[in-house]
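**Student:** Each chain is listed here by its residues.
Protein chains: 2
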Amino acid sequence: MPTSYRVVQYGVGPIGQSCLRTLLSKHQSIELVGAIDIDPDKVGKDVGEITGLGIKTDVIISADAEAVLRETKPDVVVHTTSSFLSRMSDQLVQCVEAGANVVSSTEELSFPYHRHPEISAALDEVARQNGVTVLGTGVNPGYVMDALAIMATGVCHQVSLIEVNREVDAGLRRFPLQLKVGAGLSTDAFEEKKATGMFGHIGLVESLRMIARAMDWPIDQLDETLECIVSPRRVVTPFLTVEEGQVAGIHHYAKAFIEGNCVISLDLKMFVGAEDPRDAVYVHGDPPVDLVIRGGIFGDTATVATLINAIPLVVNAPSGLVTVADLPVPRAFAAAWST
Amino acid sequence: MPTSYRVVQYGVGPIGQSCLRTLLSKHQSIELVGAIDIDPDKVGKDVGEITGLGIKTDVIISADAEAVLRETKPDVVVHTTSSFLSRMSDQLVQCVEAGANVVSSTEELSFPYHRHPEISAALDEVARQNGVTVLGTGVNPGYVMDALAIMATGVCHQVSLIEVNREVDAGLRRFPLQLKVGAGLSTDAFEEKKATGMFGHIGLVESLRMIARAMDWPIDQLDETLECIVSPRRVVTPFLTVEEGQVAGIHHYAKAFIEGNCVISLDLKMFVGAEDPRDAVYVHGDPPVDLVIRGGIFGDTATVATLINAIPLVVNAPSGLVTVADLPVPRAFAAAWST
Chain A
273 MPTSYRVVQY GVGPIGQSCL RTLLSKHQSI ELVGAIDIDP DKVGKDVGEI
323 TGLGIKTDVI ISADAEAVLR ETKPDVVVHT TSSFLSRMSD QLVQCVEAGA
373 NVVSSTEELS FPYHRHPEIS AALDEVARQN GVTVLGTGVN PGYVMDALAI
423 MATGVCHQVS LIEVNREVDA GLRRFPLQLK VGAGLSTDAF EEKKATGMFG
473 HIGLVESLRM IARAMDWPID QLDETLECIV SPRRVVTPFL TVEEGQVAGI
523 HHYAKAFIEG NCVISLDLKM FVGAEDPRDA VYVHGDPPVD LVIRGGIFGD
573 TATVATLINA IPLVVNAPSG LVTVADLPVP RAFAAAWST
Chain B
273 MPTSYRVVQY GVGPIGQSCL RTLLSKHQSI ELVGAIDIDP DKVGKDVGEI
323 TGLGIKTDVI ISADAEAVLR ETKPDVVVHT TSSFLSRMSD QLVQCVEAGA
373 NVVSSTEELS FPYHRHPEIS AALDEVARQN GVTVLGTGVN PGYVMDALAI
423 MATGVCHQVS LIEVNREVDA GLRRFPLQLK VGAGLSTDAF EEKKATGMFG
473 HIGLVESLRM IARAMDWPID QLDETLECIV SPRRVVTPFL TVEEGQVAGI
523 HHYAKAFIEG NCVISLDLKM FVGAEDPRDA VYVHGDPPVD LVIRGGIFGD
573 TATVATLINA IPLVVNAPSG LVTVADLPVP RAFAAAWST
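If you read the sequences in order, they're chains A and B.
Heads up: the first sequence at position 215 corresponds to 487 in the working numbering, and the numbers run straight through without jumps.
Heads up: the second sequence at position 233 corresponds to 505 in the working numbering, and the numbers run straight through without jumps.
A few of these clues could be false.
It does not matter which identical chain is used: a pair holds within one copy or between any two.
Restricting the straight-line Cα-Cα distance to at most 25 angstroms, the calculated cross-link-like pairs of lysine to any residue (SDA-like) are [said to hold, decoys possible]:
| # | residue 1 | residue 2 |
| --- | --- | --- |
| 1 | Lys-452 | Pro-559 |
| 2 | Lys-452 | Ile-391 |
| 3 | Lys-527 | Ala-608 |
| 4 | Lys-527 | Arg-400 |
Just so you know, these hints were derived from the structure itself, not from any lab.
Treat the numbers as computed from the prediction; the structure is a model and nothing was measured.
Can you make the complete structure from the sequences, with help from the hints?
**Tutor:** Next up, the structure:
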């Protein structure tokens, strides 16, 4: 079935540019028809230039989202502008009202019902009215700490506790991520900045709520904790150096309880110098499931892949606001067996 | 959402009995309304007796499938009568025409389109006409060597080869399975019986075809091989003893190619004395994914769980013949966090 999807990229920051490169590489299955960004340095430029591909695509970045959507009539908008739903739900409504399905990297959109019930209800309503589907996804939230954990329970007839442990070597990741986890700060500086809400993974509680919904578990208590990880040694990355005793990164975890029993535990460590990076799901159940992705999933690449791979799934899904738990098993899309 | 599904168990062999025990344990979510089997030793008996639970359920096993289906009007039939579709597709049609969704353990039904195109088309048609869904699933086929492999590619934007390696310690499994893999035979006896088609895992090619379809890969060559594994030492199980040099079990593998390149490799070893049982998926791609379920998934329990867990998914799915790749991510159903 040689289908080609008409796609608009909404947001041309680092993740958006990476999406554009992937979209352009799948030219037999995807027709890139537009790109939206408000950055004056980008507006008017060809996406082939801004992405560093050095090609001419004739897709010119525009700040006029409404005009781009109206003129290009995309099947799907790949949306990468913000982690926070309240800052940009208008953008999603705009896409939906133009008749486009949306795949968004917005972490809070991955399971928005609890933190933003009004926005969620409104988005679901307008998506249904327009016969399109809206999805928030990515590698985390959207895969490692929610969809994969849910999938792991699929062979169990009894489950008492779902544990997900993700350990990421931030030293291998992009520079902004190393800064985002506080690498190289003193512990005092970390605590000061932490108070401003600058650190921490966005979406951990969303992942937890998604699992609870899939299991139909009535969570009555939820604890969330963010701490720094102090480096036990000097670590040098391509971008910075962390001295012994300085902050290496973050330890962010959340636990859900029912009647005092911990039933879901999500534990995320992102720090430079991690010696055993991995994504692990342990289902305490019958039968137990001890699943590990050795080395972990490389997030910078995988987040983009996860967004693009969702394109055919949202096009074929029933209309409305959905989560990855509502859609068919994720799978690579237009992943040529050979290049 | 406290939904209770009306379920009929069709087939009360060992797997069917195990399904019945699980169905009866989920009494808040499942109402067992009927049981069908043609075995004269079972007909007329209470399922609470036949399953060894020693309880009275008032669900009496009947050989009259048509009457049971008509009188009980189940939402879902859990069907466990045969591995082979051509032997029992009439049973599936009967369920569907009674307005019931079907979850079946029939291995050939997990991806029936290639081996049985006419039966598949007819089943799909009658399921759509009756507004119900038909699914073949289990732990393998249905999960380890297909759905999980597809899921593993969901974070990749490029994939060149998908490898699944399942190594099962048959010594820990039920006696019939130990016999089914030829444990304790001489290699000559194995080869003789192999010629009669008695050995081998059913569903390996179905798993492979399901992955190929999900990846939209035009497979042009498919090789399937079945060999015996010779035991390098004496192995004693609760049921039998394998001497050094006797058959320990089977090595069954299948490979799919495109233009001479191997793109899918499924490798299954089931033998007594396996020292490193595991289910492993390796996706050669960008990013690569190295996923392993340590110890492997315990099949005897998991197959039943997989069937029961699919009940709400088939009830909520669009009508027709489907595969696990068409449905939402598998998840435990009515898996109480505490008993």
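**Student:** For each hint, tell me whether it holds in the structure or not.
**Tutor:** Status of the hints after comparison with the structure:
1. Taking the shortest Cα distances, Lys-452 and Pro-559 sit within 25 angstroms of each other only across copies (22 angstroms), while inside one copy they are farther apart (38 angstroms).
2. Proximity of Lys-452 and Ile-391 under a CA criterion of 25 angstroms is satisfied in neither setting, with 27 angstroms inside one chain copy and 56 angstroms between copies.
3. Only between protomers do Lys-527 and Ala-608 lie at most 25 angstroms apart by alpha-carbon distance; the minimum there is 17 angstroms, versus 40 angstroms within a single protomer.
4. Neither within a single protomer nor between protomers do Lys-527 and Arg-400 lie at most 25 angstroms apart by alpha-carbon distance, with minima of 33 angstroms and 43 angstroms respectively.
Violated hints for the displayed structure, listed by number in ascending order: 2 and 4.
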